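2 protein chains.
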Amino acid sequence: MIAVSDIYRDKHVLITGGAGFIGSNLARCLSGLNAHVTIVDSLIPEYGGNVFNLNGYEERVVLNIADVRDQYSMNYLVQGKDYLFNLAGQISHTDSMQDPYTDLEINVRAQLSVLEACRKYNPKIQIFLASTRQIYGKQVQLPVNESHSLNPVDVNGINKIASEHYHLLYHRVYGIPITILRLTNIYGPRMRIKDARQTFIGWWINQIIQGKTIRVFGDGQQLRDFNYIDDVVEAILLITSKAEAVGNFYNLGAEPISLLELARLLVELTGKGSFETVPFPPERKMIDIGSYYGDFSKIQNRFGWYPVTPLREGLQRTLHYYQENLLRYL
Amino acid sequence: MIAVSDIYRDKHVLITGGAGFIGSNLARCLSGLNAHVTIVDSLIPEYGGNVFNLNGYEERVVLNIADVRDQYSMNYLVQGKDYLFNLAGQISHTDSMQDPYTDLEINVRAQLSVLEACRKYNPKIQIFLASTRQIYGKQVQLPVNESHSLNPVDVNGINKIASEHYHLLYHRVYGIPITILRLTNIYGPRMRIKDARQTFIGWWINQIIQGKTIRVFGDGQQLRDFNYIDDVVEAILLITSKAEAVGNFYNLGAEPISLLELARLLVELTGKGSFETVPFPPERKMIDIGSYYGDFSKIQNRFGWYPVTPLREGLQRTLHYYQENLLRYL
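Residue numbers (my numbering), protein chains in the order written: chain A, 30 to 359; chain B, 30 to 359.
Derived from the structure by calculation, the hints contain no laboratory data. Be aware that one or more of the hints could be misleading.
Any copy, or any two copies together, can satisfy a pair, since identical chains are not distinguished.
To be verified - In silico lysine to any residue, SDA-like type, Cα no more than 25 Å apart, as pairs:
1. LYS167 x PHE278
2. LYS314 x SER287
3. LYS149 x GLN127
4. LYS271 x ASN180
5. LYS40 x GLN345
6. LYS314 x PRO206
7. LYS153 x LEU359
8. LYS167 x HIS177
9. LYS327 x ILE94
10. LYS327 x LEU179
11. LYS314 x VAL275
12. LYS327 x VAL275
13. LYS271 x LYS327
14. LYS301 x PHE246
As the structure is a prediction and not an experimental result, all values here were calculated from the model.
Take the sequences, apply the hints, and build the full model.
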């Protein structure tokens, strides 16, 4: 983090979705680097925003409650900012199938209006976009690199592709500096664990620290990669500080682990709870992507990023956080 | 056409954008094949719908004036139909940059609501989607086949990708039979020639038959391929009749010609008018795709389609049509 720490000092930073999991960790870090942080978050209960995520930073960051779909607020809020970390999004795959219009409104139309706001009112703002491995859909070969075909398996994946394309277009045509990371599974303090809507690992953590049984869908042999939140925040700050990264997109990723092994590890680390395999619920099966892990050599070779936090250590820190703060997240 | 002619007899067919260029030619053909044709068209003056396109068929097809963005009308209209030819769209590239929200509403949100209407009220309806070569953007290699990467250069291209993905998703997840053609430049009777908003060749025809000067952007060496409308209608009817084509997409295409040669040919065929090269207007340059021609071997090898109408002959027929009916299209 030393390399980028000075770049954000005294800078004016806007974080959409800033009370959510990634956003709040980023906000806390940027505040620690002496940036002036303004958070935009709608605090919709079903999404990831949680005021407690900003605990201890209430006086150091500005929390502006607004929805990114509110075009007029965004027109104002982007003004005078040096950086926009564009993290707001609807990220539930199952929600996107049950209510495709809302996913479209948040993940496409609102993204377009944020870009239009920047084009009209602040075209020099540096934008970071949080994209997702979901755009790859079912993988054709592993690990998945950035040239992999895009075969989205759900509405969410389709809309996130459109969002990426919009960002790249506004860079190419209007010259707005934009950098993109395609994130994989992320875990750590301040993630939503209330239900399985957004991430299954949050739900597993919820269950396991209450001594319950984790349900692993299918045979549990599906591989996934998991990045610890601090490594992700570091990647975001690193990539947004690099002029060479503008107009480009990079995978994050990690060593893969099977879901069964992950469940076993969580039980071992907490010393309670258990796990079992159960058949896929049909609404999940139809949009399941099978095994996935990302090839992160592009960002590693160019900028030196790699996931430094071992899974075991990251999980320990995460479990510790929720054991301390469980009631704030239920 | 013999092969498919019986398939559509007595079938109930809905054509969105059915008063437009492709839609009206398709409607006339299907009506001739004794299908029961209902047309949905908003007849927005800036788009391609023109009541005169249905001249002589007023008693044989049902013209229902409605916008595909009107979800409730679509919910009703898809019911009881065997086929949906989904042709409605905003197709102007420059309009999509100036008003990205409208392009998003028509090309993405309305497509989603048409699919939702089918899923809820008529999941067995057979859908044909008119997609476009615009989704490929700037080509990496020529001719462009269906595996070419998608690098859209404008909002229209981005939104058409989302539309394709939605259609494929609703096929895969909900089992709705859907077939897609990626269309290239199309010309022929009943195209809009009022301005250059939708297709430059229409505008050129307008200019040349009035003895004016065609303006060719750049050096005129850009290659493009042009399909005559009758060949396109045949491809649509063919592909929609093939069970093996469901869940798939196919390029159309033709022998390429440079824009300068095309201009020269138009002048030769009309015996009047002239052409000149002019620099690209900036708003066109920034979204220009350079040379393009499609590899149509996938549809040719599997289903035997190829563009039978020579360019010279197709242009002659087209020029003749507009010489007869010019005032209906100005």
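Failing hints, ascending? 5, 7 and 9
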